[in-house]
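These protein sequences, in sequence, are chains S and G.
Numbering-wise (my numbering), the first sequence opens with residue 1 and increments by one.
Numbering-wise (my numbering), the second sequence opens with residue 1 and increments by one.
No wet-lab data here; the hints were simulated from the structure.
Please read these numbers as outputs of a predicted model, since none were measured by experiment.
Please note that a few of the clues may not be correct.
To be verified - As a list, the in silico DSSO-like pairs of lysine-lysine whose alpha-carbon atoms are at most 30 Å apart: (1) 51/S to 21/G; (2) 70/S to 291/G; (3) 52/S to 223/S; (4) 21/G to 52/S; (5) 132/S to 124/G.
What the hints assert, rightly or not - Chain G is faced by these chain S residues, among others (derived, beta-carbon under 7 Å): (6) 52; (7) 55; (8) 56; (9) 60; (10) 137; (11) 175.
Beta carbons: idealized from backbone N, C-alpha and C, even for Gly.
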Amino acid sequence: MRVSENVGESAEPWSFVGTGDGTDEFHILRAVAEKYNGTCSLWFPKSPLGKKTGLTVLDSINTVININPKISTFLFLIDREHIVQGMNRRSGDKLDNSDIKGMIEDRLSNKHIKIIKIDDNTPEGAFIIKGKLGSRVLQIYVIIQGIDLKIEEEISKLIKLEKDITIPPEKEHIRDFFKETFHRKSIGQGTAKLIAGTSKNNLRMSFPGLTFILNVIENHCSKNN
Amino acid sequence: MAGAFISEIDVKEFRGIKRCKEPIKLSKFNVLIGKNNSGKSSLLEALYLFPLPRLHSTIYRGDRINQIGECHSGTDSLVYGYSGNAEMKYNVNEYPCIIEIMSDGTSNSSVNDEEVDIPKHVSKILKISERNIENISIYIPNDTKTLDRYAEYISSIENEIVKSGANKRVAEFVNQCIDEKYTEVLWTREGLSCRKERPDGSPLYIKLDDLGDGIKRATIIMLLLEAHSPHIVLWDDFESASHPTLIRAQLEWLSKKDWQVVLSTHSIDVLYQLLDIEIGPADLQILQMRKLNDDTLVYESLTIDDLDDLMNANADPRRLVDALGV
Numbered sequence: 001m002r003v004s005e006n007v008g009e010s011a012e013p014w015s016f017v018g019t020g021d022g023t024d025e026f027h028i029l030r031a032v033a034e035k036y037n038g039t040c041s042l043w044f045p046k047s048p049l050g051k052k053t054g055l056t057v058l059d060s061i062n063t064v065i066n067i068n069p070k071i072s073t074f075l076f077l078i079d080r081e082h083i084v085q086g087m088n089r090r091s092g093d094k095l096d097n098s099d100i101k102g103m104i105e106d107r108l109s110n111k112h113i114k115i116i117k118i119d120d121n122t123p124e125g126a127f128i129i130k131g132k133l134g135s136r137v138l139q140i141y142v143i144i145q146g147i148d149l150k151i152e153e154e155i156s157k158l159i160k161l162e163k164d165i166t167i168p169p170e171k172e173h174i175r176d177f178f179k180e181t182f183h184r185k186s187i188g189q190g191t192a193k194l195i196a197g198t199s200k201n202n203l204r205m206s207f208p209g210l211t212f213i214l215n216v217i218e219n220h221c222s223k224n225n
Numbered sequence: 001m002a003g004a005f006i007s008e009i010d011v012k013e014f015r016g017i018k019r020c021k022e023p024i025k026l027s028k029f030n031v032l033i034g035k036n037n038s039g040k041s042s043l044l045e046a047l048y049l050f051p052l053p054r055l056h057s058t059i060y061r062g063d064r065i066n067q068i069g070e071c072h073s074g075t076d077s078l079v080y081g082y083s084g085n086a087e088m089k090y091n092v093n094e095y096p097c098i099i100e101i102m103s104d105g106t107s108n109s110s111v112n113d114e115e116v117d118i119p120k121h122v123s124k125i126l127k128i129s130e131r132n133i134e135n136i137s138i139y140i141p142n143d144t145k146t147l148d149r150y151a152e153y154i155s156s157i158e159n160e161i162v163k164s165g166a167n168k169r170v171a172e173f174v175n176q177c178i179d180e181k182y183t184e185v186l187w188t189r190e191g192l193s194c195r196k197e198r199p200d201g202s203p204l205y206i207k208l209d210d211l212g213d214g215i216k217r218a219t220i221i222m223l224l225l226e227a228h229s230p231h232i233v234l235w236d237d238f239e240s241a242s243h244p245t246l247i248r249a250q251l252e253w254l255s256k257k258d259w260q261v262v263l264s265t266h267s268i269d270v271l272y273q274l275l276d277i278e279i280g281p282a283d284l285q286i287l288q289m290r291k292l293n294d295d296t297l298v299y300e301s302l303t304i305d306d307l308d309d310l311m312n313a314n315a316d317p318r319r320l321v322d323a324l325g326v
C-alpha cells in the first residue's frame, strides 16, 4: 500500500491521512503500509509544522470533503496522551475503547457527521466508523497510538522484539538507540528503517491498532477492485 | 471601506489562464496559495489592470499594461497563446466592469456592457475624484526592478511622507522585527536610510541598501502604501526574504488598514501566522488555486476555521491543492 504526500490524478482511490502528533507518523505509516498490498493509496499531505493535537484532527474531514468530494475514506493517527491531556483524569487512569468511542462520536456529531456504525470487533485503540455527511457515506478509521500513552511505547516494543534490547519508551532514549544503530536521530526515519526488516508478525504485536486497520483497508480495497 | 472593493473577478484567456471554472469571489483579505504556475500572479495582475489597462501609474512611471508586460516577455504575453483577446470581468460595488486586452496591446473597458468614459464612471461608482483613480490599487511583484522604481518614487514624495509621519511609523514597525532600534526612515545624500541612535546619543545612518532584503522590501512597500492608501493591495510572493516575525508583523499591519488585500504565498509561515491575526472570519479567506490540464483555473475557498482544522490534523493546506478538481 502506498503512502504519498501528493495525490495523483490516477483513478485509484485515495484515503486522506491526518495525524494529531507531528511528523514522525508519516515515516512510520509509510514503512508499515509497504508491508501491505492493496490498490488503495494513502494521501498524507503532512505539514512541516508538527502540531500536537488530539481528536480535533477529526474536524478536518469536512474541509477535505469540500476540497475534493470524491475523498470518502479517512485515516487518523492520534497519540493516546493527547486525548488524555486536558481531561480531568487522575494520572494512571487509562482510557478504554468505550471512553474514546464516546469522545469520537461527540467530535464527529459536532461536525454534523452522523454515525451509522462503529465496529465493535476491533483491538484496543482501533476504531472503524461508518458515517454520513449529508448524503455522502464516509469510512473513518481512527488509530489511538500507544499502549498507555504514546507511540514510543509501540516503537520500544518493536525494538525489544527485533533486537532484544529494552529501551525505555521515551523520545531521548529511542533517539539515542537509532543514532547508534542507524546513525539517525529521527524517530520517524529510524523506526522506518527498523520496520523495513521486520516481520509482519512482530509488526502486529508492536502496532496492533495500525496493522489491524491497514489490514481492513487492504481487504476493503481488494474487494472494491 | 466595508467588505471587499472588488468582490468578484472572472478571467478568460489572460496569461496562462484559459478560463476560470467559475468567477472567483473575493473577501476583504485574501491569501492565494497554489503550486508554481497555478495562476496566482496572473490573478493579481488581472486585478491590477482594473479599471483601465492603459491607466498611467505615477509610482511605476508607466502604463499598468506595460508594467505587467515588462514583468514578462511583453504585452502580447498577457493574452493566452499570444493571440486573440483576453477578457476580465470585475464586480465592483455591484457594477460589472469588463476589460478586454488584445495581443497587440490595445484594450477596451466597459461598464454594464456599455463603452463609457471609464475614469468618470469609476470615479462615480467609487465616489473618488478622477485624479485619484490611479491610486485604486498598488501591485507589488517579487522583482527588484519594480522595487527600485517604487523606491525612486517614494524619494520623490519625501516631503509628503515626512509630513505625514509615515517615516517614523515605518521605523517603529521595522523595530518590531529586528534586533536594532531605528528612530526614523529618512533621505540622506546617499539615498533612503534608517537613522539609529548610538548609546552616546549620536545618530548613525544606515543606507537601506545595506539592510537585509526583507527589511528593505518591507520598508519601501510600507512607505508606499502609507503614502497612497490604495483601495486594494496586490502583493505577490508576500513572504519573500521575510523572517516569520516580519511576516506576522506585516500581516497584522495590513489587516488593520482599510483596504482590500490580495496576496500570494508559498509559505506555511504565512498560513500559520494568519491563525493568530485578528480579522473577522467573514473578511478572510484562503484561496487554493489549481490549473487543470486544459488551463482552466479552479479554486476552493478556505475559511480561517477550515485552515485551523487542517493545521490541527497536521495537514499542509498547500499540498491539498493537489486534490482540487481531480
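Each hint, compared with the structure:
1. 51/S to 21/G: Given that 30 Å is the threshold and the Cα spacing comes to 34 Å, the pair is violated.
2. 70/S to 291/G: holds, 18 Å
3. 52/S to 223/S: With Cα atoms ~35 Å apart, residue 52/S and residue 223/S exceed 30 Å; violated.
4. 21/G to 52/S: violated, 37 Å
5. 132/S to 124/G: violated, 51 Å
6. 52: violated, 9 Å
7. 55: violated, 10 Å
8. 56: holds, 5 Å
9. 60: holds, 4 Å
10. 137: Where the cut-off is 7 Å and the nearest Cβ of chain G is about 19 Å from residue 137/S, the hint is violated.
11. 175: violated, 20 Å
Violated hints for the displayed structure, listed by number in ascending order: 1, 3, 4, 5, 6, 7, 10 and 11.
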